[in-house]
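Each chain, written out:
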Amino acid sequence: MPPEFFYFFSSSFVQLQCQGDPFNQSDFRPSPSSQPDLPRPLPEMWHSLTDNERLLDNFTAHFLLSHHLRHTQEEQKELNPNATVLHALLETSLNRTCHLLANIRAVMDNMGVAPPDLDAPLPGNVTIFEQKVKGYWVCEGSRDWLERTERDFASLVDKLPNF
Amino acid sequence: MLTFICSWSAGSETNLKTTYKICYKPTHCESVERNVSGKINLALFGAVQIHITAINTLGSATATFQVTKKDITFIPPVPQNVKVVPDFSSQTLSLKWIGGVSALAFPTTIEFEIQVLWTEKMEVIHTESYAAQLDSQNKTFQWSWISGVPLNCTSHSVRIRSISTDILMNSKNGSSDWSKLQTIPGADDSKSVMFPEDKVVRVGTNMTFCCVAGRGQRIKTLVYGAEHLPCSELGIRSKAITKYNLPPSDSAGTNIMCNLDPPHLLGTVVFVGYPPDDQQLECETRDLQNIVCYWSPGRQTMLLREHRTFYTLTERISGKNASCHQANDDDADLNDDKYKCNFPVISGQQMYKFLLKAKNPLGEVKTNYTLNLYTRVYPYSPSKVTVLCTGSRQTKLFLSWGVSYKNMTCQFEIVTNNKEKQLRNFTLPDQEANALSRVAVDQLYPDTSYSFRTRCASAEHFWKWSSWSESKTCKTQEEAPSKALDVWREIKRTEHGQNVLVKWKPLPHSDAKGTIVKYEITWNVVNEVGEQSAIAPVSVNSTELHLNFSDYVIAVRAVNSVGSSPSSQIRILGLFEEQADEPSIISGMPSGFNLSWSPGTNETCGYIVEWCLFPDTLDCNMQWERVPPKTTHTVITSDGFRPGVRYSISVYGCSQHKEYLLKKMVGYTQELAPRRAVKVKAEANSSHTVTLRWEDIPVQDHQGFIRGYRVYYVPQVNFSARSQKSGIKEVINITDPDVRNVTVTNLHSATYEFTVKAYTAGGEGIGEPININLVDSPLGLFLAILIPLGVTCFCGILLGIFCYTKRNCVKETFYPDVPNPEIHGEQWSVVEGRSSNPTFDVKPFIPDKVWIIESVPGKDVDDSDICTMEMNNGDNGSVNNLEVISDSGYKPQMRPHVPLLDVNHTPNPQHLDLTEQSEGYQPQLKVSNWSVESPEVDEASACIGSPTSVNSTQFLLPYQASEEGQSTRSSSWKFSSLMSSAQKR
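Just so you know, the sequences run in chain order A and B. Numbers 29 to 191, taken from my numbering, label the letters of the first sequence in order. Numbers 5 to 989, taken from my numbering, label the letters of the second sequence in order.
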């Protein structure tokens, strides 16, 4: 497991541990309907996607995730001010997502792919419970998208030996 | 006048048109067309007769009623303009209405009955009465109610009616109709929701949570944290759970979750905590520029961040607020578990009144504190402290603060290098910032290191000591030693002169007043000019002088860097022999000795008590102690005193600086038992008397004063084996410690063990036992051996005779079925044809002296074990009756125990009971007794055969004879042969 996965996995786990019962129970799985608005990491037509489309998907997902992670971090600071381990993990995850986003942007520039015009998602007026569930899905989404990015870039490297 | 409605029943119906006429006063009648009720105007009070006349075409009929106030029911008006306003956040329903137009023109008491219903189920969930005075028309009323269930969970409806309760009316209480239902709709079905949302409540409250399913959805579960609680239905789409006595939640709150079908997760969070509990507000100033107020937060509220407690501190005289950033900071670090706010001092204002408000979503507490600025000064510790040791007994302290203070009272703590502490107080006048204040410290000891630290408080109004300043150290200067040395001597006279060992005790630091660098010793002959001197290094405490037999004066002084101590003198008398009486015995304590003595005749300068700490060693470590004049007692103590050691103590009187021996004492701090055994020598004076003598125990082994001796003696059975001691231990106690011998009498002829033990107050010592064998005269010993031997031989002979004479009797008794069992004398012949294998080779004989009497008639031989024999003694013609009693058990091979019986030495007839030891059936006991196969056995003996053989005679033979083997057996047969030959003669 690359170290990045560890952070996203840990932040997901620690995030759940800090939210109280029944979030901290091993069989807890909130319904997918509570997921934030993100591109799907594993679409059925992944094989038919072009490299540019994949890059755009990656850029969009990590752009949105970076904002969602920031929101989650701020919400958890308010909700769990003493959960310093969680805060540190979220901070690390956010930093890594930002670095990854910058790298994707550089690749896109290199390949002449124009970045999409995206609006940053707003925190939204949600209840504390919804914040907790969203935080969980943000951490899960970050991990899933990291896997997708790794897969996309592996495919890209094969096609572009000079990359 | 009031209008009453009268109604009546029409009675039996007719087809004719009937009209009614109501007459309630003779002059007041009203007609009613085809109705059974009518309105009349009456005064309220008093009884009224009402006549109702029914009229139709056939005639009329009149009924008369007596109506009083009690018969009239008052129906209050229906409440009007009923409006319900919900407050969803506080789950409150507020109701407003107008009392309506009363028929009565005067104020009446009335009661409104209000009901709240869950509209969907039309279930009344709350009923309440609201008492009111209906004193004016269209009076507006208000009522509110807090619902236990969030109002959004389901639709709520409210209705209200009036009930007359006025006692003045003294009539039947009637109630109005219900007002029209006023409904507050719950959440719509556009989406699924949970209520209440993100609430903050107190610990211990009861709370209901509900889940409202949206269109097309169904509620599956409703869970409080991980706890499944009973679920109640509020309506088709709404379910609720109630948690009673809510426990505190953790920082992220407690989650309540609703699982829906199709799968969807809903949730809400509740934060359960406490209202603020802040208390013990106190304010003070440290620098007269800022006031710091601090308080204890009390019980934790369990609420964080946006729900945490916010503080405001207001000074009410000036109306200004204090700065409470520290208290309101999220990450506030509690100092000593206290929060604090700062308030700048207002110029010219001395009195301050503070009000602290602590508020969180669950409540608010207020605390007041009033202070006079100058009565609550808590100074800082001095920012600078300098110490300067300027002399041998005084020093100077320099203090300064970074801020100004008014008069201060201060303390400094002085700690010497041996950790003695001393607190001294001093005052400081008004103190400017950073100005140095000088404080002189005196009454110190020379050559001593001191560490100083100080603290201060407001002098006018003491409030608190400041914390201690840092410690500063300095050492005072030296002075010359102030006290003379304590000197004593040890004199050893030889034929050439006297060797004087001059000893002194080092001066204690308090007297040395500096570091001693050397000792000066001077001496000169009394009344002669010419002084000799010597120097001793500081490392030694004695010096030896070799003097002649003149009288000398010896002086010793201690010297430090500043000067020398006063001279300490002792006088040596060259030809004076110290003599004293016998030492007296004293008893000590574990720590030392309590001494007293008679005063000396001419004592002028006190006494000296002298002793050796280690009396058993060559250098006895002489100790001394000076006792002031007129004091004739002292206590000497030392950790070196050991139990069981004899200490000699000498008391010297001092007269005009001449010391003379006054008294000698010996004693033990604690007596122990003697550690060496008393060596004893014993001398047997006779077989009954022994004299014991012993030697002294060496004094060093006494370990106490010998109080006497104890002599133990005990007779012993077996001298060689000490464990087999027997007899009673006897003791002789000798209380005279000078006795060295004792004579022990009344002893028996035996071996005795003697032990002598010395004893002290500490117990009895060990002993070395010695054994003495006390015997009678040689003649007695000789007889003691010979008599038993003779008796044994005689009994052997008698036993032989007995066995022979009883042979036939035994055979008769035990072998009755054997043919020809009895052979008398010469009739006993060998059966022809069996000569080659004789059963018993016995030749006939004539018993000339012994008659064998048959068994007692009438007694079964088999049953009886008693055989009676009558013997005829040929010498004196007397008859001996012998009765032999044997064990009834069958013991053919048992080792017989036949006592020796000297028939000839038994002059008188007597009966003897000879009882064998019962050992049961032991056929294999002595195999050698019945061996057939032995080749060495002759034919005669071979026929003995088996022990069970009917013709065996084996058990006729004494055991001892058969045990001796073949030779003995053959001699036994020879004996019978001899007897046969005698018969032949």
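Bear in mind the hints are in silico, worked out from the structure with no lab data behind them. Note that this is a predicted model, so its numbers are computed, not measured. Fair warning: there could be bad hints in the mix.
Stated by the list, open to error - When the alpha-carbon atoms are kept at most 27 Å apart in a straight line, the in silico DSS-like pairs for lysine-lysine are as follows:
#1 K125/B / K100/B
#2 K105/A / K203/B
#3 K100/B / K105/A
#4 K683/B / K509/B
#5 K400/B / K363/B
#6 K509/B / K479/B
#7 K74/B / K125/B
#8 K487/B / K425/B
#9 K522/B / K105/A
The hints, checked one at a time:
1. K125/B / K100/B: holds, 24 Å
2. K105/A / K203/B: holds, 19 Å
3. K100/B / K105/A: violated, 45 Å
4. K683/B / K509/B: This hinted pair is violated, its Cα atoms lying about 45 Å apart.
5. K400/B / K363/B: The hint is violated at about 54 Å.
6. K509/B / K479/B: holds, 25 Å
7. K74/B / K125/B: violated, 40 Å
8. K487/B / K425/B: holds, 25 Å
9. K522/B / K105/A: The given pair, whose Cα atoms are some 77 Å apart, is violated under the 27 Å limit.
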